[in-house]
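J.: Protein chains in written order, with our numbering: chain A, 1 to 544; chain B, 1 to 371.
Keep in mind the hints are simulated off the structure, nothing from the lab. Only a predicted model underlies this, so the values are computations on that prediction, with no experimental measurement involved. Hints are not guaranteed to be accurate.
[Unchecked claim] Calculated lysine-lysine pairs in the DSSO-like style (CA-CA distance at most 30 Å, straight line): (1) A:LYS382 to B:LYS140; (2) B:LYS140 to A:LYS339; (3) B:LYS140 to A:LYS351; (4) A:LYS351 to A:LYS339; (5) A:LYS363 to B:LYS140.
[Claimed, not checked] If you anchor each label on the Cβ, the simulated ranges turn out as follows: (6) B:ALA330 to A:ALA20: 46 to 52 Å; (7) B:ASN271 to A:LYS363: 47 to 53 Å; (8) A:SER113 to B:VAL136: 29 to 35 Å; (9) B:ARG216 to A:GLN407: 55 to 61 Å; (10) B:ASN142 to A:ARG159: 17 to 23 Å; (11) A:TYR129 to B:ALA337: 37 to 43 Å; (12) B:ALA337 to A:ILE362: 23 to 29 Å; (13) A:LYS406 to B:ALA330: 47 to 53 Å; (14) B:ALA28 to A:GLN407: 44 to 50 Å; (15) A:MET131 to B:ILE147: 37 to 43 Å; (16) B:VAL136 to A:GLU385: 56 to 62 Å; (17) A:GLU439 to B:VAL136: 34 to 40 Å.
[To be verified] Derived coverage of chain B by chain A (criterion: at least 3 residues anywhere in the stretch with Cβ under 8 Å from a Cβ of chain A; other residues may be distant): (18) 223-234; (19) 237-248.
No residue lacks a Cβ here, since even glycine has one placed at the ideal position from N, Cα and C.
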Amino acid sequence: MRRDIVKAVLRRTPCGNLMANAVELRNITKYFPSSNVLANNDVTLSITEGEVHALVGENGAGKTTLMNIFYGLHRPDSGEILVNGQPVEIHHPDDAIKLGIGMVHQHFKLVPSFTIAENIMLGIEPNQYGMLKKKDEAEMVRQLANDFGLPVDPYARIRDLPVGMQQRVEILKALQREAKILILDEPTAVLTPQEVKELLAVVRNLAQRGRTIIFITHKLVEVKDVADRLSVMRDGKMIGTRTVAETSIPDMARMMVGRSVLLELDKKPATPGEVVFAADNITVTDASGLPAVRHISFSVREGEILGIAGVSGNGQTELVEAISGMRPVEGGTILFQGKDITRRTVGERRKQGMAHIPEDRIKIGLNLETNLDENLVVNRYKLPEFNRLGFMILSAMKRFAAFAVKQFSIAAAQPGEMIATLSGGNMQKVVLARELSGEPKFVIANQPTRGLDVGSIEFVHRSLVDVRDRQAAVLLISVELDEILSLSDRVLVMYRGTVAGEVDPTTVTKEEIGLLMGGSSLPGTATSAGSVQAVPKPQKEVVA
Amino acid sequence: MDNYHRQQRVNTFLVPLLAVISGLVVAAVLIIFTDNSPFAAFEELFKAGFGCSSLNRCAFFTTLERATPLMLTGLSAVVAFRSGMFSIGQEGQFALGALTAAWLGFALDLPPVVHAIVIMLAAMVIGGIYGWIPGVLKVKLNINEVITTIVMNEIAVLVLVYMVNFPLRADRGTTAYSPVIDETAKLMIFMPGSKWGMGFVIAIAAVLAVYFYLWRSAPGYEQRMAGQSSLFALFGGIRNDRAAIRGMFISGALAGLAGAIEVIGVHYRINQDFAPGLGFTGLSVAILGQVHPFGVFLVAILFAGVGLGAQLGLQINLGIPRELGGTVIALMILFVAAEKFYTDGISGLRERWAHFRGQKTAVELAMEERE
Ligand SMILES: Nc1ncnc2c1ncn2[C@@H]1O[C@H](COP(=O)(O)OP(=O)(O)OP(=O)(O)O)[C@@H](O)[C@H]1O
Ligand SMILES: [Mg+2]
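Sequences are here, hints too, so could you generate the full structure?
T.: Spelled out as structure tokens, the structure:
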């Protein structure tokens, strides 16, 4: 009773003259019975009109859930939402859109075969007597794009666009629906550094035009760059809100993880030994049969990390698939410990000591439909430890799962746990536990920290340096320049399926490497040719 | 956490159970339209399908007899589905298995038991090869297995019709039958009055074998991983192609075995309309049985009992068309497809019930755990 009165009084009180709160989320609680997770635990968040508000926190902290609730995709178990000081009920994204809320999801929701204009105007197409007016549609989109300084070609099809452009379409789509409050969920996770720069400029520009922006990210540098204030979530709870100008990056990291985080990796100098892996003049085609990797040669020695930098889509995916045995090579040879393995299967390569951390842990690296134990043995179920006369030894699998959980501190997991209930960071730890246990001789790590929080990134980096120090050879492929430069002992830059050059990570500047990534050669270097090291001649293969 | 897993497990049973009940409720409405009391009708159906008045006149034994081929074709579908192949070729593999058994049943001259075993093994090989072909076509040429298995069902049935009408035809009567098989080829029967016998034991052995194969053996692990996520399997070093082909062979062998047992355990000869639909029903059994061997075991008995009860209890005693049995089964499958409806409903009810009893709900428990 009394509480109701208090609420009513609060409601009538003007929100103060200082600054209006565009959004207030009060005491939001959300429990997911299907995964037994309390994703939001009494979360309160206020967002001022016209600010860029960063929302950060570890994987699984509950950021996306909170925003999904605000956008009407989930119903909270309790709590209330105020927009411009008015309590509102948001049952469906339509309600949110009517309130001027727009959301760009972590995973885009565009129709690949539609044009940009068709996607932006989807469901709100201009029409006359029920007939669509395509010309007007394109014109309206062009107008909108120009208004906001986000040029696009209305007739281009989504499936032909780079990710950065798709994201721009998502933003325009929200703006066309007159979004005043724009939620961007990890918008930079999939972008190239150049695209990130452009996006941050767009965000600042939108804020200047009075839009309110909620910006979810794992990259604290971006928070520093673009946000006015930040709020930190951890384990479903709101830890606090700070002014960005008054908070240092290490402080933000500490708030997120609850302990101090080593942002700078300290590692011993490498002690490279013999060549473990060598690719000699290999050519690989992509799914549509076009050459994606062209005459690449390189080698990796034991005890070193070879980094491959490059803007995504320059053949890295195909290169990794070919090296790991998932995709056939069209030409050239692959040598592993002196043996020609060009035509060997994935299983045979793995048996000889190859490990692979794939770029997509959800689709490739893990089987979300089964449990931890079965996920952890896919590369070792044929070993006698796990296999007696063709039967799986369940107790050994269970023991290995318990070991992995402990060794790699996979939080909130126990043997038999379903993988799908784990957060992104913990999923990646499962992949690491599987790939890095059992003394691999050669580890391929493709975008190993994509979408991970600072604490998890630190863990992944530490693990990779550790296997290097155990004298394994590591091939690191990443679009994150900082990651490549801080981890690698040598760096190759890939551009359009070829090696554009090799640089020394200790001396190279970001500008220099950026030039190579963009396809220009370094001033002073004569060639940008592929082969960097002499590759030993293949021995005639002896099949064991 | 434990509480949650327990609830999950309960759901696996509760969902099919609720589907069965919903199917019966709708059937009750249909029965009312025939001017019968649904309660009386269900009583008749139950007595005729699952009752047992004496050991010599036990309807339940006939139900078990009829459940045998459904169990095997259901297992056949389970193995194919679990390796990621949507094979609906059980009908054709069943027909070829039956044809093999009908022929070898009189053509071979072997001592008892040995004769039956040889027949079953031969039928499994034939059925297996007939499943292997669409598997290879899928893996090597990427031809959709749904289409190839449908086409191959047609072919198999036509082969059976031809063989019964010409090479294997035993007499000049109006309907063509193959010769009755030798005594040595027949499977043992437990009780006079029905053909319930050794075939049922073999089916149970197959249920256990499929369970151990899929969940305990390395090849079974490969198959399930390939079925759940072929990219993951490829990445991990599993040969997807081999797993799929192996799954299709085993699936075909089980359906072929079903055909053989139906011949050497029940009918002893075949005509051109031999046991149509048993293969397709196997698909339904697998789906209602949650694509699990133990589920298949229970659902096969349920389906056989409902079918028999509808035929004897409803049609003969009450004059309700026996197609009602088929309708009930179809309804049950329909309701299983609406699984999400139940799982959501069940957890909602649980919350409300806990609230009503003043107990803590899952939400509250979880919140306390966090504190
Ligand atoms: N639809 C759902 N059903 C069940 N559990 C869910 C669902 N959505 C999220 N969860 C769980 O809720 C928790 C919070 O997830 P959420 O996606 O909000 O995290 P996040 O902070 O966005 O993490 P990330 O940075 O990895 O995107 C996680 O443990 C997740 O597994
Ligand atoms: Mg998220």
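J.: Does LYS140 of chain B pair with LYS351 of chain A here, judged by a C-alpha cut-off of 30 Å?
T.: holds (25 Å)
J.: CB of LYS406 of chain A to CB of ALA330 of chain B, is that within 47 to 53 Å?
T.: holds (51 Å)
J.: Does the Cβ-Cβ separation between GLU439 of chain A and VAL136 of chain B fall within 34 to 40 Å?
T.: holds (38 Å)
J.: Has the segment 237-248 of chain B got at least three residues whose CB is nearer than 8 Å to a CB belonging to chain A?
T.: holds (count 3)
J.: Cβ-Cβ distance between MET131 of chain A and ILE147 of chain B: within 37 to 43 Å?
T.: Because 39 Å falls inside the window, the suggested range holds.
J.: CA of LYS140 of chain B to CA of LYS339 of chain A, is that 30 Å or under?
T.: With Cα atoms ~28 Å apart, LYS140 of chain B and LYS339 of chain A stay inside 30 Å; holds.
J.: For the range 44 to 50 Å, tell me whether the beta carbons of ALA28 of chain B and GLN407 of chain A fit it or not.
T.: violated (58 Å)
J.: Could you see if the CB distance from ALA330 of chain B to ALA20 of chain A stays within 46 to 52 Å?
T.: violated (60 Å)
J.: Decide if the proposed pair is consistent with the structure: LYS351 of chain A and LYS339 of chain A, CA atoms, cutoff 30 Å inclusive.
T.: At roughly 13 Å apart (the allowed maximum being 30 Å), LYS339 of chain A and LYS351 of chain A satisfy the hint.
J.: Indicate whether the distance between the beta carbons of ASN271 of chain B and LYS363 of chain A respects the range 47 to 53 Å.
T.: holds (51 Å)
J.: Taking 8 Å as the Cβ threshold, is the statement that the segment 223-234 of chain B is covered by chain A upheld or broken by the three-residue rule?
T.: Three-residue rule met by the segment 223-234 of chain B, so holds; n is 8.
J.: If you check the beta carbons of ALA337 of chain B and ILE362 of chain A, does the distance land in 23 to 29 Å?
T.: holds (26 Å)
In this structure, the earlier hints numbered 6, 9, 14 and 16 are contradicted, and the remaining ones agree with it.
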